[in-house]
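2 protein chains.
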Amino acid sequence: MEFMTGVKKQATLEIRDLMSADRTGKTVKVNGAVHSVNDMGAVTFVILRKREGLLQCIYEEKTAEFDVNSIREGSTLELEGILEQDERAPHGIEIRIRKVRVLSEPAEAMPLPVSKWKMNTSLDAKLNYRSISLRNIRERAKFKLQEGIVRGFRDFLYEQEFTEIHTPKIGARSAEGGANLFRLEYFHRPAILQQSPQLYKQMMVGVFDRVFETGPVFRAEKHNTKRHLNEYTSLDFEMGYIDGFEDIMAMETGFLQYTMELLGREYGDALRILNVTLPDVSRIPMVRFDEAKKLAAEKYSRKIRNPFDLEPEEESLIGRYFKEEENADFVFVTHYPSKKRPFYAMDDPEDTRYTLSFDLLYHGLEITTGGQRIHDYNGLMEKIAARGMSGDGLEQYLNTFKHGMPPHGGLGIGMERLTMKLIGEDNIRETTLFPRDLSRLEP
Amino acid sequence: MEFMTGVKKQATLEIRDLMSADRTGKTVKVNGAVHSVNDMGAVTFVILRKREGLLQCIYEEKTAEFDVNSIREGSTLELEGILEQDERAPHGIEIRIRKVRVLSEPAEAMPLPVSKWKMNTSLDAKLNYRSISLRNIRERAKFKLQEGIVRGFRDFLYEQEFTEIHTPKIGARSAEGGANLFRLEYFHRPAILQQSPQLYKQMMVGVFDRVFETGPVFRAEKHNTKRHLNEYTSLDFEMGYIDGFEDIMAMETGFLQYTMELLGREYGDALRILNVTLPDVSRIPMVRFDEAKKLAAEKYSRKIRNPFDLEPEEESLIGRYFKEEENADFVFVTHYPSKKRPFYAMDDPEDTRYTLSFDLLYHGLEITTGGQRIHDYNGLMEKIAARGMSGDGLEQYLNTFKHGMPPHGGLGIGMERLTMKLIGEDNIRETTLFPRDLSRLEP
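Top line first, the protein sequences correspond to chains R and X.
Under my numbering, the first sequence has 191 at position 191, and the numbering climbs by one with no breaks.
Take any residue in the second sequence, note its place counting from 1, add 1000, and you have its number in my numbering.
Hints are computed from structural coordinates only; laboratory data are not their basis.
Glycine residues also receive a C-beta, built at the ideal position from the N, C-alpha and C atoms.
It is possible that some hints are incorrect.
[As the list claims (entries may be wrong)] Listed next, the stretches of chain X that the computed footprint assigns to chain R, with coverage defined by at least 3 CB atoms under 8 Å from CB atoms of chain R:
(1) 1006-1015
(2) 1298-1311
(3) 1337-1349
[As the list claims (entries may be wrong)] Taking CB as the label site, the calculated pair distances span:
(4) A1385/X <-> D124/R: 58 to 68 Å
(5) D280/R <-> K1323/X: 50 to 60 Å
(6) T225/R <-> A1385/X: 35 to 45 Å
(7) R88/R <-> G1379/X: 33 to 43 Å
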């Protein structure tokens, strides 16, 4: 009988291994994809792409035991050679190649210049060849940072005693209803794709007090802008026993502090590759919705057209205002008008035209919507009635409140938007692995 | 200008705080939901449900400054009282109540006996009142363990230098095609919900070497069994530069070892509540598909009806065989027949009727399918042609191989199935927060 006993030790070394112990002058074995091959006459530079970065290898006819022509861009190899120090090389090391074992070969030449530092390729071409364009070191680094953001979100919330949940994406009814739902047939019944885990995470606050979910949400909006997707990853949390909606903003500030610290500590390579300076999140200003509109209107001489709506241009000006006045990258805009928020939002008892809610703007773009929710059953039924809604299809959600719920609130963060703003991109597709928009359903 | 500066310090204490410092005899403040109220005549026991567990509070008319009738099951409260030691109470502590602040009240009495240790309620009733039934301590604990499984998966893979990815669930084309796809209209184009992130994770192996994803998958299968769901959470990884498909099994064994250790260390409460003994995963036997069938057939006198298929009853017998013969909870069954595996599976060069693939059985139930994939473009095109498939809709996937891919493989683990087997449940709906099956689309 044969047994599996755990992770296998690799015969090949990673870049970290090559750098950490003194192996200079020793024979080492590595693998990787051929990122580029540069014939310099006397020597040929073979640059391997590994998950940690690039590794410079040198081919010289006199020392190598094979023909350099067997090495092509896009091949994957296992190389054996002598490790040497060279401060001009990436990570300060290079390998003088002795032997090669070709693991795989491409069938055709690369369609994009992935080995260039900047590809100068159109966004469309990058997306059409997504699995190729991401082999570029800069393109790839964006998604490494994205990993760090999601990891920071989860690890911070575990530390704060949140429980992770997994809620269904196919449902009979959604949180906010309306026209922006994708519809499908579910075994001869009409169904929708959830536009948010809102109702589920609230239901679970009565069970776990604090819950979070990181997962896809679906919005059939016919927007065609640089900041909208029809499917995106939402970082959601919901917490009970709050004293007010400020507790939610405090928790989000804690998340940002934790995550920027994590990125600085463990994602330094990606930050350097993308030349990203982490924002200061030690304090984030907060301003009321109506006040924010007024500040931006006054400073930038812009008329307020609708006091109950915030246009994208106004968001942008508010972002600019707080950057100029407070050197703040983020700003919490609070007390959104009730008519702009869903039925479950808690109105401000001091002025019910507004809600105990907020958006977080990052350089003038909304990356979070959150707030306190109604937790009292009768209050919820009144709000539903006042909106001319029926509770049809919301029975189980409403039952949750019927049998008692703590005061609670939460938020949703757009993962791709947060990544986009952190990196300084101006199109959300740049920070989405496989974007879904009005025209794009593939790859 | 007001600022948010990070997580707010709570005025109330959690169970851990109550236990950790010596606060005996001191006045403490806590909050929670009223799990049960038991009037014993002289005193009333008020059991609070908090995220960490239950907290016993004692009401006596002479010391409390309020009427006990204001406390109802399902209310949420903030209590002030004197902390005392009592070894009969949960966690060995109790609070003698002085004051109460009612945070919220239920509108109706509880429809299920959630405060009982075992509810003795039908599965259907539990699912119909999901947000209520999970307030039961045992029901809730299942999903705490599920969190630990997913957390273990991710943390182990981060440690092994995998990159987390987020791939789209709406697509034009799926990994395996066929009848079990949910279909929807995507802005006047036909679209499907992905039954697996397979094609995407392979595409990303060429970028990051090692990738993983934890997310929903959708299968429109008309199965109505205790082990099938139409939407479930899949724990997927894919890794490059493998020497063989054994590397995938070794990595999965490492995951199980890491995760059982994590559960033992950080999820002890849930393990105790559910009376779960963690399985021994120090070594997992592996057996060929044809050999496994033969062993089970011989020992249990069961005829092999189809040498190229494994029926659920055979899986169950194989599980039983290895439990009896090797005291093994898990067994890797390897070399599945080629005709039972998708086009991208790598055939065994020594006998192409079989593949370099495996399933992992846990107590006789398949919880993982994995294996090595074809990485050579021409080989992939040949397999597609031999199956009578066309490459239509697979262009970007195939391009990935055209431009070079390392030898690679991976697996998918059913999160709900793994949880179900770990806990010893016999219906997957017991370990699914909100199951989706042929008849259930709500809540």
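For this session: Check whether three or more residues of the stretch 1298-1311 of chain X sit with their beta carbon closer than 8 Å to a beta carbon of chain R.
Result: With 0 residues in contact (Cβ-Cβ under 8 Å with chain R), the coverage given for the stretch 1298-1311 of chain X is violated.
For this session: Take the stretch 1337-1349 of chain X, compare each residue's beta carbon with every beta carbon of chain R, and decide whether three or more fall closer than 8 Å.
Result: violated (count 0)
Exercise. Has the hinted range 50 to 60 Å been met by the Cβ atoms of D280/R and K1323/X?
Worked result: 58 Å, holds
For this session: For the range 33 to 43 Å, tell me whether the beta carbons of R88/R and G1379/X fit it or not.
Result: For R88/R and G1379/X the Cβ distance comes to about 39 Å; the hint holds.
Exercise. If you look at each residue in the stretch 1006-1015 of chain X, do at least three have a Cβ nearer than 8 Å to any Cβ of chain R?
Worked result: holds (count 5)
Exercise. Holds or violated: 35 to 45 Å for the Cβ distance of T225/R and A1385/X?
Worked result: Because 42 Å falls inside the window, the suggested range holds.
Exercise. Does the Cβ pair A1385/X, D124/R satisfy 58 to 68 Å?
Worked result: Since A1385/X and D124/R have Cβ atoms about 31 Å apart, the given range 58 to 68 Å is violated.
In summary, the numbered hints that this structure violates are 2, 3, 4.
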